[in-house]
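Protein chains in written order, with the UniProt record's numbering: chain A, 1 to 663; chain B, 1 to 663; chain C, 1 to 663.
Don't read these hints as lab results, they were simulated from the structure. Incorrect hints may appear among the rest.
Straight line, CA to CA, 27 Å or less: simulated DSS-like cross-link-like pairs of lysine-lysine [stated by the list, open to error]: (1) C/Lys368 - B/Lys177; (2) A/Lys368 - C/Lys177; (3) B/Lys368 - A/Lys177.
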Amino acid sequence: MTIGVCYFPEHWPRERWERDVDQMASAGLEYVRMGEFSWGRIEPERGQFGFEWLDEAIELIGDRGMEVVLCTPTATPPKWLVDERPEILQEDLDGTMREFGSRRHYCFNSAAYREETDRIVTRMAERYADNPHVAGWQLDNEYGCHGTVRCYCDDCANAFREWLGDRYDDIGALNEKWGTTFWSQQYGDFEAIDPPGPTPDEHHPSRLLEYYRFASDSVVEYNRLQAEILRDIDDDWFLTHNFMGHFPTLDAYDVADDLDLVSWDSYPTGFVQDRRSDDPTVAELRAGDPDQIGLDHDIYRGALDRPFWVMEQQPGDINWPPHAPQPADGAMRLWAHHAVAHGGDAVMYFRWRRCQEGQEQYHAGLRKQGGSPDRGYADASAAAEELFDLDPVDAPVALLHSYENLWATNIQPHSPDFDYWNHSGTYYRALRRRGVQVDAVPPERSLDQYAAVVAPALYLLDDALAARLEEYVESGGQLLVGARSGEKDPHNKLVDAQPGPLADLVGATVDQHESLPEQVPTRVTFDGEEYDFRTWAEWLDADDATIRGRYASGPGDQQPAIVDAERGEGRVAYCGVWPERELADAVVGEVLDRAGVASHPPLPDGVRIAERDGHVWVTNFSDSPVSVDAPTDATWVIGDANVEAFDVGVVTGSVGDVTVTQR
Amino acid sequence: MTIGVCYFPEHWPRERWERDVDQMASAGLEYVRMGEFSWGRIEPERGQFGFEWLDEAIELIGDRGMEVVLCTPTATPPKWLVDERPEILQEDLDGTMREFGSRRHYCFNSAAYREETDRIVTRMAERYADNPHVAGWQLDNEYGCHGTVRCYCDDCANAFREWLGDRYDDIGALNEKWGTTFWSQQYGDFEAIDPPGPTPDEHHPSRLLEYYRFASDSVVEYNRLQAEILRDIDDDWFLTHNFMGHFPTLDAYDVADDLDLVSWDSYPTGFVQDRRSDDPTVAELRAGDPDQIGLDHDIYRGALDRPFWVMEQQPGDINWPPHAPQPADGAMRLWAHHAVAHGGDAVMYFRWRRCQEGQEQYHAGLRKQGGSPDRGYADASAAAEELFDLDPVDAPVALLHSYENLWATNIQPHSPDFDYWNHSGTYYRALRRRGVQVDAVPPERSLDQYAAVVAPALYLLDDALAARLEEYVESGGQLLVGARSGEKDPHNKLVDAQPGPLADLVGATVDQHESLPEQVPTRVTFDGEEYDFRTWAEWLDADDATIRGRYASGPGDQQPAIVDAERGEGRVAYCGVWPERELADAVVGEVLDRAGVASHPPLPDGVRIAERDGHVWVTNFSDSPVSVDAPTDATWVIGDANVEAFDVGVVTGSVGDVTVTQR
Amino acid sequence: MTIGVCYFPEHWPRERWERDVDQMASAGLEYVRMGEFSWGRIEPERGQFGFEWLDEAIELIGDRGMEVVLCTPTATPPKWLVDERPEILQEDLDGTMREFGSRRHYCFNSAAYREETDRIVTRMAERYADNPHVAGWQLDNEYGCHGTVRCYCDDCANAFREWLGDRYDDIGALNEKWGTTFWSQQYGDFEAIDPPGPTPDEHHPSRLLEYYRFASDSVVEYNRLQAEILRDIDDDWFLTHNFMGHFPTLDAYDVADDLDLVSWDSYPTGFVQDRRSDDPTVAELRAGDPDQIGLDHDIYRGALDRPFWVMEQQPGDINWPPHAPQPADGAMRLWAHHAVAHGGDAVMYFRWRRCQEGQEQYHAGLRKQGGSPDRGYADASAAAEELFDLDPVDAPVALLHSYENLWATNIQPHSPDFDYWNHSGTYYRALRRRGVQVDAVPPERSLDQYAAVVAPALYLLDDALAARLEEYVESGGQLLVGARSGEKDPHNKLVDAQPGPLADLVGATVDQHESLPEQVPTRVTFDGEEYDFRTWAEWLDADDATIRGRYASGPGDQQPAIVDAERGEGRVAYCGVWPERELADAVVGEVLDRAGVASHPPLPDGVRIAERDGHVWVTNFSDSPVSVDAPTDATWVIGDANVEAFDVGVVTGSVGDVTVTQR
Ligand SMILES: [Zn+2]
Ligand SMILES: [Zn+2]
Ligand SMILES: [Zn+2]
């Protein structure tokens, strides 16, 4: 378990560097990431390379026993390159060029940019091959940030046509699978298909979905290009990429397949402001939402089923969300422990020192711009000292997470309020409120190891997946399927009757669906109690399933809403509404109980527990202290039974052993 | 009185068709609309026609005694045509092309597209000339949907210049009538005038209004092109077009002049969400707002003063509004009866089966995609059985509705809250709350047949119209003129003193006007009582008019606000404010009483009555039941004196005979 | 002290002119502004000049003893010129042309337009050289209105590169001073630098700031071009320009340097609707906010330290804000007196008659379109009669106002709620609530004459300014520095520790800053009392300063927030929060007391007093009457001790002599 930092020596005078790296070492940091965005410094003019500054920085770091994570600098092609080969620029949907002046202005499908990428990555990799201090590489930086996964340039148009040609036998097959008879949208050949540009009305959902898949695949292919170069030159290096939180347009699982290590960039006080549909509480503005962060931890841990890194950990106040409240005292340490509890092996703070130039001047570092320690420095040092080695997390439950379902529900949300992330988040929160570790994995993943599987909106479904889920249940699994599952086939066409190929397993079909605004009463029963739901309702026709809940409002009053059914050794439940918190607690709690998963009664807001390698983490993101009741023979490895606001405690044992109460 | 359905056989396998048409026939349907959007199927490549599928579908329908309404497929030019002749595409104001991928991407002024239209319409008409099952044609589909009436391409620029040249003697006359001295906007010749593109500040209102007129006229001309082809080939066909609800950019009266039958597309639960300024109630989300639908019924009935059709009637949940609540039980039947009560002769449900491909997958049909009956099927069948033949509606009151006034007030609303539809809707609602039938007709229409005329915002006025209104009043008419009447001349120039040429008739002029935000108190008296008004206030100078109401708030306190005057055999009232509901009830009620129009005291929200051919319809759009007190010798033709929520009752007699009370 | 009016004879038939000018003269008006926007009339075709109408109008005005202010007509190049030389048009950031059809469509850097400007201004000036009735010129009209200061055309791109070349020794210096190492933003030469176009993420703040400076300088240069032509031809004329209220993109101080007289256009009921962050009260909708207007008066008086003119004074209801309430009775007179109290020497109402054509038909004049007096006419006549000659205002306090700080804080506000105008307005209001006259001057201005200086957000700071402020304090000045001072160097780069070069003077540095949304409690103490603040908090490290206030909420609880320090003969205070009203009153009150500035206890909302030349103006913008307690030997020159709602009183004496209380 390791703490590290992101460092930009090129922003500081050479004479400062020794002091910087000395202070890093004395804080207990073990890794230093460098080099993303450095192309302009490495190659100020075409062919004029200047690596010496980076050589020196690596040497200084290595000398102090720390290791370096180098980055390929491709996120920021310099101005001379843009001027020489302007065709590398991305284009917006309406043809507007995305010009030089910020970052990520290149197109993933640009042949010119792939050439340039090959050139700079090869040169840089050769320079540092066999360098004893370079442990691995981060490829590029935050692929797709600022809406750059989807580009509409001519290179992309051609690549899209080729991509389609590879996936369909012929244009007739495409017309058939998309259903282009609708509104006379037939294509005569692949050449006739453009990226989805400006149109009077909305686009064909099958065309859009394929463009979104193609765009994500373009990033995968571009990433693979870099990975292959680096592996060819030195295959001792680990390769990683720093993904983003709740990022919508890129399939992180696909990119991860070409990596050795998955890392991501965690900014808790920003995400509560810009990635949720409701206003954050004051405590969340000071420390973030543990379930919002936790789901990302679990997605990126799940991607390779391997411990992840936080490649950029928020170090204090930050520049990009609407507001920049100071984090609570201790929050920077709490985040590190929370990451480890979720299966992280390293937490790298971003950045070492606040930058005095350019777009991120309002982003804190562990040190102030003048060099003195900033608020996060003591937190980071404390975390570095407290952390100890741990086995990976062993999660009893899987949450099925799918980027294709995210894209397809975004294309036709059928409600301004339906959001894939928020809907999945409802189930994820119910699991975490019970202190249960969750693997957030793609539906293709083997499910044998899980006592329970939660599938919130398995929107696109094919027979193969349905068969695998059936097999999982028959073999004794507990499966909870959420609303909007099996609505569409993989080409985004409506099935005959929802949930499509899952209907036999579920034992029910959807008779009607409706989406409802807030002013409409939305009540439903479950297991004899009445609850609120929101946004989405499916009236079910139960075949051989047991009706567990019925509507208690509207024209669907008394229609079945929640059913379950025993199948072989297991059981499947289908929840036809988007449950509010209490209903989610009840439905999920029942599934966990049936699965025999040890859990805690629903925890208070902001208080979470998590088990890893024989230890239980109590992470308190709330502004109230809690008491932890643990067995008398348990050992407090960090803190004690009184866990203050924004503090953490770690005790030996397992989740079933502890009880947390608010003081 | 007829029920029908819209059908897309091309979306389904051939082997399903018999079952579909059998089920239509057994539900009592009499008309089937087909073929709009079918160009890609009819002509998959240039000159390669494939009509056989349509021949067969028509035959199957005809065999079962039903008739076909065919559509010209011009709303969706196929991709091969767009690729061959890209100049047919529309352009946005900033030059962005409206590309292929949805519908309505063609320009009405494109010479190329008019050629192609001639070609396909001729071919199709010749194919079905003398076909005994084809009763008539729908020309194109929903002209102007998705903001496509106004285009800014070069074809439109040239056509606009020609259109201006035809309407003005010379460029000097245009400069004079527009008033281009303002801000040095003089034009040297017609060639110098462009469509109104992107400018630093707002456009000249006279130029904008002429562009809006021109754009509407372009659709009229395009529609006439199709009508002439069809009439030439077989003049037994009726010709219609399916207009939209509360549609702002096209003058439906002008288009209707080339048609035999006016039809429109009614989606009650969608319109309450996206075409009103206030939030819908729960009952409105389940069944719509009868006055919002009713005004459209009355506009389209008024267009040719002839029974209208609902060409697309909402069949259940729909895809395009923000939310998609399930309609109330019975709502689909209620809408059919409501349309008939307003003078409709046919109600065609859209669509037969839910579609499994493309943009409208979330739009219900009478049958589910799998083929089983959906919620609307029983309602449609019931309506088909209940309906009986009726004479046209005979309305005692006219509401003057004018697209030019809508455009001109949109150009200079002088308040974010002034909306022509909502302002007219206030008066329309007051009339309908009294159960009075209303013809919504253009100001040019003869008014002799009406006991009362309501003219909400007769913004653009010329002497001829003023003279006709004066004659109407002198001959005994009751005229109610609303605020913002006579502000401008027909070229959108301010008159010397509002209400311009109406001043003598009204007996007052406007001293001041003001527009007021919600936080300002807005009170006014009328006939001794005090009322609320909203948004707009005119301080009047009464000449020989009687002051009926004065302001009771603000710097205009005690200024006259409402006046009336006897003129010859009749009377004219002028209401200088936008009245809130109670004031509208009072002002309108007085006019009806003076006109001797039989009416009901203001009805409860959502409950409406309407008289047609010796029957009174009681349509209950509310979620509370009502009781109807009718004469003992009256016969209940449908239902009885207890009309449940979302139900309908029809009793013999006239509006003055019944009393409706909430139970 | 003079009243005048803006007149457009070209909008009216020649036979009306005598009556118009007779009525002006009889109302006591002394100046008539004419000719802006008249190019199309003056030169209907290239080289065909028609000045006769203007000759006549001037003659008629002069004959009645009034003087003319002529305008160059360059704000509206006519269509023939645009068609001939389309390269004069501005371009938006995304390349969209700003087309003909409104006004201000020309680019300030267009070589073609500068030629045309030279031609028309020369011609016009020569025509009226030595005309005895032409007193001076307004150059162009409202430079930059409708977002036109910043243009992105090729002429601007080239001019920007030249402008940069003139300001930096070489491209290396630019890279160094901007800090382009960040995100590889280095430039190889000046030619590589474009105007800031569309980019995936935000722009480099140093590049943006320089573009904003350049754009403002482009207007300065264009204005100078006109000024030089006019001065060359007749140097008896005064030259002015009509600036706008709270205008963000143009440095008015820089433009003013080439003028003899500064004037501006005041529309109180519009500005409260569209230039403030909170909703206006009903009284403000009727008469405006005296502090919002007052700050603009003081900026434009401060620009040349000379009495200003209101070149366009709102005459009644106006067309451009969201709503158009009628002003209160007397408001048009109140505004004239308020302007004079703030140091204005002339108030010109806009316009003489309501216009019946074009974009401003909903804008009142002193006369109605038909010619009869409108509401403002009596007010204007009354003001003309009441006004008397006065010496300039002598303000004891300076408020430092800086356009560069406005631009730089707009580039990185670091909060959606931080607004330079509103933040400065908080301090300005506190000063005006005490009845103190304020010069709003740029930081470069000599401060010797001021007893106190308030510097709200002195964001960009260099050593020279810091030294001048230090000297000011050492010599006995009272300096109040607000939050966000000294954050950046003049190139928009973060300093080592805020407040940068001011740290020694202030005796404290900023340890942390944070921006906070409304839901977070924000409390702070000052001088033993607890107060609210908003949006912005800086935790201070006090060196030798005295801690005067500490935070009382959040993680910064007990951190210093407000400090002060004695330095030489004076004192400096630093307020690290954006104070709410009561805290601003307390902090500012203390500074005034220490400075020995006579002041009134905080006045009621909307009630303001101001001293000029031995008289005190009591201007009541509230809807409640007030009583004024003045010394028995004081003389009421206008009104008396009872000042009604929306009324004014003027009494001899000074601010320290009177007491105002609400009745
Ligand atoms: Zn691309
Ligand atoms: Zn066009
Ligand atoms: Zn320009």
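Results of checking the hints against the structure:
At most 27 Å may separate the alpha-carbon atoms for a hinted pair to count; C/Lys368 and B/Lys177 meet this at roughly 20 Å. The straight-line distance between the Cα atoms of A/Lys368 and C/Lys177 is roughly 20 Å, inside the 27 Å bound, and the hint therefore holds. Among the hinted pairs, B/Lys368 with A/Lys177 is consistent with the structure: their alpha-carbon atoms are about 20 Å apart, no more than 27 Å.
The structure meets every hint from the earlier list without exception.
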